[in-house]
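Starting from the known structure of chain A, fit chain B onto it as the hints suggest.
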Amino acid sequence: MYYTRTVWSRRAQCLVFVACLMVIATGWMGTLQARQDMAPPLSTLTAALYLRVERFSSPVDAAIELRFFLKPSSNGQGERVVEVTRQSLRTLGDWFGPFPYPRLIVVDAPWNSTLVGASFPGAVVTSTRWLSLSRDGSVDRALIAAIAREYWVDRASSADPRAFDEGLAQYAAARAIDAVLQGRQYWARRYFGGFVPYAVRSLPLSPPRSGAQGRRVSFDELRASGDAVRTSLALQTLERYIGWPALQQGLVAYRARFPGGGGSPEALQTILDEQGGRDLSTFFKAAFTEDTIFDYGVEQASTMPLADKHKVTVALRRYGGGLFPVSYDLRFADGTIIHEVWRDAMPSIALEYTAASPLTSVQVDPDYALLLDADRANNFRALTPSPLANPIVRGLASWMVWLQDLLLTSSALS
Amino acid sequence: MLSFKAWIDGLRQVARAPLLILLTVIVTVAVAAPFALVLGGELRAALADQSASISLGSSEIDADWWNEFRSHAGGLAATFTPTVIGFAAPLDNLSAIADGTRRPAVLIVPIAAGVLAWALLWGIVLHRFDRRGGLSISEAASAAFTHFPRFVVISAAAAAAQLLLYLTIHPLLFGAVYRTVASDVTPESGAFAYRLLFYAIFGIPVVAISLTAEYARVAQVVTQESGIAASIGTALRFIRRHWRTAAALYLFNTATFAIVMTGHGVIDSMGGTRVAGWRGVLIGQAFIVARLAMRLVSGASSLELFKKLRG
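Going line by line, the protein sequences match chains A and B. 1 is the number of the first residue of the first sequence in the working numbering; add one for each residue after it. 1 is the number of the first residue of the second sequence in the working numbering; add one for each residue after it.
Hints were generated in silico from the structure; no laboratory data involved. Don't be surprised by glycine CBs; every beta carbon is placed ideally from N, CA and C. Keep in mind that a hint or two might mislead.
To be verified - Reference listing, derived: stretches of chain B covered by chain A, where coverage requires no fewer than 3 residues with Cβ under 8 Å from a Cβ of chain A:
{"hint": "1", "segment": "100-112"}
{"hint": "2", "segment": "208-221"}
{"hint": "3", "segment": "272-284"}
{"hint": "4", "segment": "287-294"}
What the hints assert, rightly or not - Far from chain B by the CB rule (all over 12 Å, computed), these chain A residues:
{"hint": "5", "residue": "201"}
{"hint": "6", "residue": "300"}
{"hint": "7", "residue": "306"}
{"hint": "8", "residue": "334"}
{"hint": "9", "residue": "357"}
Isolated chain A, as found in the complex (with noise of 0.2 Å):
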């Protein structure tokens, strides 16, 4: 076996020493540097952690500076924040134009610290955590939500966050999170104090071919104030209303006109009514406006034997003062649906029919398109009791397991 023998000079090992020692002082210069740069709540949060800075680019932006102060335990989380901040990027760039800032500061944030999911003009703040999975989205939707808060409520540094801003960022960053984790977030609860997390494979929370449309129920990270889950339920519905690409569009538009925030519904609904040539004012007066109610349901429905036919008569009633054109659904016996769109402005519609089979159901808005509706257990009644579908019967033998398991556990302590 042979051995090889570099032989250096003195003088060639002085200039790597001090080539080595400049590398290193100028990398904690600026890290000094880039924590000097920050809000003085973020640069107290970045002690311990260290810089790792990157460049972003796409086609609507040129580059972006990425620095992200990691803890140095967070090993691949840290690979991961990366991965969700370059994607939520790219994807809000898309939808919604430019990232309004030349560089965006992400801080991993210790565990316990009340700033995780905070957003500061051009900079958010995360938490990885010691104990992870991959299947857990938790933190990955903090950063996202925190990082859609710049495209909307972060672009006006002294401004306050206006609730309609909110809004608009608690939408985006609802369809960013479907969009970027499709697929890849489950179900999960953090166990023993917060520490311990465990996700249930079987029930994915975005899942695949979902589409990015936003979603019925709010993640727990986005939670905000009522105005702007308001604002965010009426955005939801009026994508469902005039189509993602329409709304899209305007709130591209919303934007330009309004790069340093501070717009208004009204705004947005000239946008839109410029760009589509139609008149949503009605919309938005009432889906924007908190103390209109949006509230349609079933009153009543009937099936009765008529000769060899049966008489259906069912009644639908707008218990609230807001209009929106719902949809509802009549379902037969013999498998026949009818579909209908109840457009006017009556309080309640009646409805009678000479069928060849009973009726089974009724249920109005079935779709999902009016995310406002303030009482969804009105929206449906059912005439004949249907066996309970399998996946609750599954769910109901899982329960009879966890009681079970909850009687054993309670009856070993005494």
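Relative to chain A, chain B alone:
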């Protein structure tokens, strides 16, 4: 070594009593089934108000449907959450016991029913292991009903003592003391280590009460003592005198539980969607059967140890 011998003996005795395992499985299922029927009725009523077609056409329950259902659910239906699926179920129960998580008040009814059922079962189980032979149906019924009232009182006394611990020591330990040691600057791994330490500290009185109840039941059967207080006194004296051996036996039983629990977790995590659905339910039920067998091993080995050390 005495504790290990008692544990092995307990294992052997349970292995020779498959009918006893079957009986405990039937009783446990019988206690849980009525509540499942009640929940089934509540689900049916909820589905009459909420559309069954919204998201249940797929093979699994949709997470959105589940969230929506939970937002309107009350009573038993409020406990119908995704945490009942697979390995999340035992994890949820164990975590709730360790963290003292408040459960819906309606669960007192099934838990009380479970305690009563075990008060009946312990009479049969301990007599069977004491005699080291099978019991006829009349003998089993006699053993069950003879000890039932006393075992109920012992369980109630233990439950009251545990409740007292959860109302006093638990909030102190996991509230003020935990917040003091695991401050904002403590790394997450360090905070978790503190939590584990506090679980161990809190576990000592919890296990002591649980063991006292177990040996009090054993003393009732073995010594034929008439009074409950006398049995509890005998159990306390026994644990005080032989605490190392009793603790070692408890650790053997706990280690078995940990192995079974880990096995369930590994199957659930590694199997993914292959162990979901009805397969997951069957695996969960098999886990319950294993836990019941371990419970019997615990009773049989405690009885064996008590008989050997009583002098």
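For each hint, the structure was consulted:
1. With a cut-off of 8 Å between beta carbons, the segment 100-112 of chain B has 3 residues touching chain A; three or more are needed, and the interface restraint holds.
2. Restraint check on the segment 208-221 of chain B versus chain A: 3 residues with Cβ-Cβ distances below 8 Å, three needed, restraint holds.
3. Here's how the segment 272-284 of chain B fares: 8 of its residues keep a CB closer than 8 Å to some CB of chain A, so the rule of at least three is met and the hint holds.
4. With a threshold of 8 Å between beta carbons, the proposed coverage of the segment 287-294 of chain B by chain A holds, since 4 of its residues qualify and at least three are required.
5. With a least beta-carbon separation of about 5 Å from chain B, residue 201(A) fails to lie farther than 12 Å from that chain, contradicting its non-interface assignment.
6. Chain B leaves residue 300(A) outside its interface by the beta-carbon criterion, the shortest separation being 15 Å against a cut-off of 12 Å.
7. With a least CB separation of 25 Å from chain B, residue 306(A) remains clear of the 12 Å interface cut-off, as annotated.
8. Residue-level check passed: residue 334(A) sits 17 Å from the nearest beta carbon of chain B, beyond 12 Å.
9. The beta carbon of residue 357(A) sits about 18 Å from the closest Cβ of chain B, which is more than 12 Å, so the claim that it is off the interface holds.
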